[in-house]
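Chains P and X, in that order, are what the protein sequence lines are. Just so we're on the same page, the numbering used here is the position in the first sequence counted from 1, plus 4. Numbering follows the numbering used here, with no gaps: position 84 of the second sequence is 69.
Honestly, the hints are just simulated from the structure, not real lab data. Warning: the hint list may mix true and false statements.
Said to hold, decoys possible - PhoX-like mimics (lysine-lysine), calculated; alpha carbons at most 25 Å apart, straight line:
# : chain 1 : residue 1 : chain 2 : residue 2
1 : P       : Lys42     : X       : Lys90
2 : P       : Lys48     : P       : Lys21
3 : P       : Lys42     : P       : Lys21
4 : X       : Lys90     : P       : Lys48
5 : X       : Lys90     : X       : Lys63
6 : X       : Lys90     : X       : Lys58
7 : X       : Lys40     : P       : Lys42
8 : X       : Lys40     : X       : Lys63
9 : X       : Lys55     : X       : Lys40
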Amino acid sequence: DAMVIQNPRYQVTQFGKPVTLSCSQTLNHNVMYWYQQKSSQAPKLLFHYYDKDFNNEADTPDNFQSRRPNTSFCFLDIRSPGLGDAAMYLCATSRMSAGANVLTFGAGSRLTVL
Amino acid sequence: AQTVTQSQPEMSVQEAETVTLSCTYDTSESDYYLFWYKQPPSRQMILVIRQEAYKQQNATENRFSVNFQKAAKSFSLKISDSQLGDAAMYFCAYERGADGLTFGKGTHLIIQP
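Taking the hints into account, I'd like the entire structure generated from these sequences.
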């Protein structure tokens, strides 16, 4: 089945130790998004790729970076995780065309920072 | 900037009954899309229903329907014949084109057997 796969599902890291989360998709969607979702809060968009074009949200900290080496994969790098970065990270994809931009989500990667 | 407000952190309903989840939003745009997404515990977020702002007719998907009031900027979700599998967090969202979605804080729906 075509889908959005996130790895790992659970990641534990130490304060300041870099971490990378991955997202892959078999939907051939041209847009990929990374959202941060803290407990009991709305998902917050960090950035997205429209094809190869990177779009950073204005309030996304520099600590968060992303790479999209090809259409299928997108990575979220957290260079120096702090305690406040503990959250669920959601990857989503969409095929941007005329009409509604419907997002397909992965199951998320839950990050714990010790 | 667009904002989405869900004023009900938690709702509870008896199985087989009907429940309505509220959502209001703020935008200066005239053409846009609105969505309701469902996020079951430890599972991925999935689309429940969507509404095009230029359509006056309310969207329906089986037991799920919306009450879209464009002038009031209100977009509520009605779930009929509630089932245990409907228990989840429900997020109202406003589409920002290719810039993705702006979400509300969510409503935790509890289904009482």
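Now for the hints, and whether the structure bears them out:
Using a Cα cut-off of 25 Å, the hinted pair lysine 42/P and lysine 90/X holds, with the two alpha carbons roughly 10 Å apart. This hinted pair checks out: lysine 48/P and lysine 21/P have alpha carbons roughly 23 Å apart, not beyond 25 Å. As the CA atoms of lysine 42/P and lysine 21/P are separated by approximately 20 Å, the hinted pair is consistent with the 25 Å bound. In summary, the hint linking lysine 90/X to lysine 48/P is supported, as the alpha carbons are separated by about 10 Å, within the 25 Å threshold.
For the hint pairing lysine 90/X with lysine 63/X, the CA-to-CA distance comes to about 18 Å; that is within 25 Å, so the pair holds. For the suggested pair lysine 90/X and lysine 58/X, the alpha carbons sit about 17 Å apart, so the restraint of at most 25 Å is met. As the CA atoms of lysine 40/X and lysine 42/P are separated by approximately 34 Å, the hinted pair breaks the 25 Å bound. Distance restraint check for lysine 40/X and lysine 63/X: the Cα-Cα separation of roughly 18 Å lies within the 25 Å cut-off, and the hinted pair is therefore satisfied.
Taking the CA atoms of lysine 55/X and lysine 40/X, the gap is about 10 Å. The hint holds against a cut of 25 Å.
Hint violations for this structure: number 7 only, all remaining hints satisfied.
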